[in-house]
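In the order they appear, the protein sequences are chains R and X. Following our numbering, the numbering of the first sequence begins with 1 at its first residue and continues without gaps. Following our numbering, the numbering of the second sequence begins with 1 at its first residue and continues without gaps.
These are computed hints drawn from the structure, not numbers from a lab. Fair warning: this is a prediction, and the values are worked out from it, not measured in the lab. Treat each hint with caution, since some may be false.
[What the hints assert, rightly or not] List time: in silico DSSO-like cross-link candidates among lysine-lysine, alpha-carbon distance up to 30 Å: (1) K498(X) - K11(R); (2) K59(X) - K76(R); (3) K75(X) - K118(X); (4) K421(X) - K11(R); (5) K36(R) - K59(X); (6) K241(X) - K80(R); (7) K80(R) - K414(X); (8) K87(R) - K11(R); (9) K430(X) - K333(X); (10) K52(R) - K86(R); (11) K241(X) - K414(X); (12) K75(X) - K105(R).
[As the list claims (entries may be wrong)] Residues of chain R clear of chain X, computed beta-carbon distances all greater than 12 Å: (13) M1; (14) L5; (15) A22; (16) L43; (17) S45; (18) K52; (19) V85; (20) D106; (21) L108; (22) G114; (23) G119; (24) L136.
Glycine included, every Cβ here is placed at the ideal spot set by N, Cα and C.
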Amino acid sequence: MEFLLVFDNEKIHIYNVENNYARYYFSGNDFVFYDKNNIELALNSLSNELSKAFSISVPDIKYSILGVATEAINNKFIEKAGTKVKKIYYVDDIIGTIMEKLIGKDNLMIDEYGINYNGRSYRVVDGDIIQYNFSLLGYTISDDEFISEIKNN
Amino acid sequence: MAMMKCKFCGENNEAKRYFCSKCGKVLAYSGIKNDKLLNRIELKTARIAENIPMVPHTKIIWNDMIDLYMSKVEKMLAVYDIVDFDDIRQDSLTKKFDAFLDRCTTADFQIAFVGTIKTGKSTLINALLGRNYASMAVSPETAALTKFRSSDEDYVKVIFYSKEEWEELWDSCTSSADTFLREYNELNGDAHRDKWVGHDVYFRKLHNTEIEKELVIWSSSKHPEHYFVKEIEVGISSLPKDFPKQVVFVDTPGLSDPVVYRSNITRNYIRRANAVFVCVDAQKLQQEEVETISAVFSFSAHNKQKVHIIATHWDKLNNPEEDWAEQKDWMSKRLVGDGFYDSREMAFQNIIHSAAHIHNLCRDYDSISNSEKMPLYQLALLFGILPIPDEIKKNLDKLQEKANIESINDIIKKQLIKNYKTILYDDIVKLYESIVYELARISGETREEAQKIINTMESDIDTKRKMVKEQADNYNAIKKYDDTLNAAWESIKKKTDKRLAGILNKIDANNR
């Protein structure tokens, strides 16, 4: 069974890939906090919880990964998830695809002010997508819009 | 209350509103006639209004009011960061924002120990911590900023410079950094640089007794690793249980570091610190020490009460008690006024003597050698105690009391630690108010400038010609004044050079 893990520096959101990317809820919350100094523990507890919740064995659990954390944490996640990783999504690539679809639409001002996602702003500078602090003039896309783009990929 | 009429529906609104309360159109730009421009401004204002609730928020769990201030400042910062405002951003305000965010999120109560080389900062910290952790070797040893805090377990954490920070540090070496560069080459710094610059944080749990040795590796000027260390943090499990975990002693390397980048780190810690202990030698308050004190006050102008002057090596005065009374009286008069304490009473209260080395010797009496005990014998004589082992041992408490570390401990516990949450809160609120004031000032200035531009655009051609001519006349007047000053300066310079040449010739003639 495949799950999409979307994590920032503090929290992990989980989406059930095989159930049309439905969110998974932990006691009423659509995220769980984790200790960034012990990612292996976080992944193990997560795998155990999902194994119980869906009555599957831990080895049958596979992850797609989307890291919105620092580069060091993103890399650590990928390293610790090991053979469980089925696919890695990169924020810049998804943002790039979304930008291609929306750029040029006048009222969105994306070419000038970029796109906001998950508290960060992404703008195209000299052909590269560069991250900045959240921009009040940026076009903010929701988690659902973002996941929808992953679904369509 | 000032009111503004909406140009679309005619509704009267309070002037401070951006959107009409009746029709929702933008109010503030009613004077703009260009539809395309107005549409764009409306679009941007609406975008800002949509995004404001989504500004990321870092939750502050230790105080609800501070959490509220944090939320407000995050929104202010998001507005300040709008790319359209690139030209009006000011360094001083950017630094205040950084300082505010740092205070709220780390919530440490920092006591910075500052002083020139060998004033006994590390010895004092060791006395306050109850054990020798920081190195007190003869040659200058504290080359890396070191923080000490209470912790459930003993640990040492080392943070290294990133590649960008190292390049900035290297570029900041001034012309007086010869010693730094020579020692760096002698220790073959380049051979170690690539290993440590950009290295992950080093974290080691260890036994309390191993801390001193571990610190030497990372902070001693004899070890090449220290060059690449930005900061060290030491967790100590043996501090009293009531010593709050957020209180941190910061041992700083020095304000007069010829590597400007490093001395700036010290400066930033002083600005940020909730209390500063400036260590000066009780025997002499020399120019360098006065400059250090003055620098500390300049970074603490909004809260001079946080500055304490600790006169160290008190035991080395000829007649410690009488000489100190005189010295303290003199210092209390000298360190009052512009750039120092506000009143003599505040100065007197905040200037304290100490003899941390004596305190530590008394504490460790049973484990130190006879030669190490000599300073105790010398002090004992001054206070009528026979300088023999039995008498010294009987009077350790009395000698320790003379060292006056308990008074400093009292200040820390009763004034600082007891009130640290209040002091921290007050510091943050003052920073918040200062940010709001600065933003209002910049916003006012920007509005005035914008209004001038609008007035110029809207005035008739003759008024424009008159304004341009006035500006040209002002410019010519300033240029003429500038030329006169330059001519005067050249004349003075020529006369001075001539006089200097004359003096040098006379010296040469005398030497032949």
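Each hint tested on the structure:
no., hint, result
1, K498(X) - K11(R), "74 Å, violated"
2, K59(X) - K76(R), "25 Å, holds"
3, K75(X) - K118(X), "45 Å, violated"
4, K421(X) - K11(R), "29 Å, holds"
5, K36(R) - K59(X), "17 Å, holds"
6, K241(X) - K80(R), "37 Å, violated"
7, K80(R) - K414(X), "48 Å, violated"
8, K87(R) - K11(R), "20 Å, holds"
9, K430(X) - K333(X), "29 Å, holds"
10, K52(R) - K86(R), "21 Å, holds"
11, K241(X) - K414(X), "15 Å, holds"
12, K75(X) - K105(R), "27 Å, holds"
13, M1, "32 Å, holds"
14, L5, "20 Å, holds"
15, A22, "24 Å, holds"
16, L43, "20 Å, holds"
17, S45, "22 Å, holds"
18, K52, "30 Å, holds"
19, V85, "22 Å, holds"
20, D106, "9 Å, violated"
21, L108, "9 Å, violated"
22, G114, "9 Å, violated"
23, G119, "4 Å, violated"
24, L136, "5 Å, violated"
Violation of the numbered hints given earlier is confined to hints 1, 3, 6, 7, 20, 21, 22, 23, 24; the remaining hints are satisfied by the structure.
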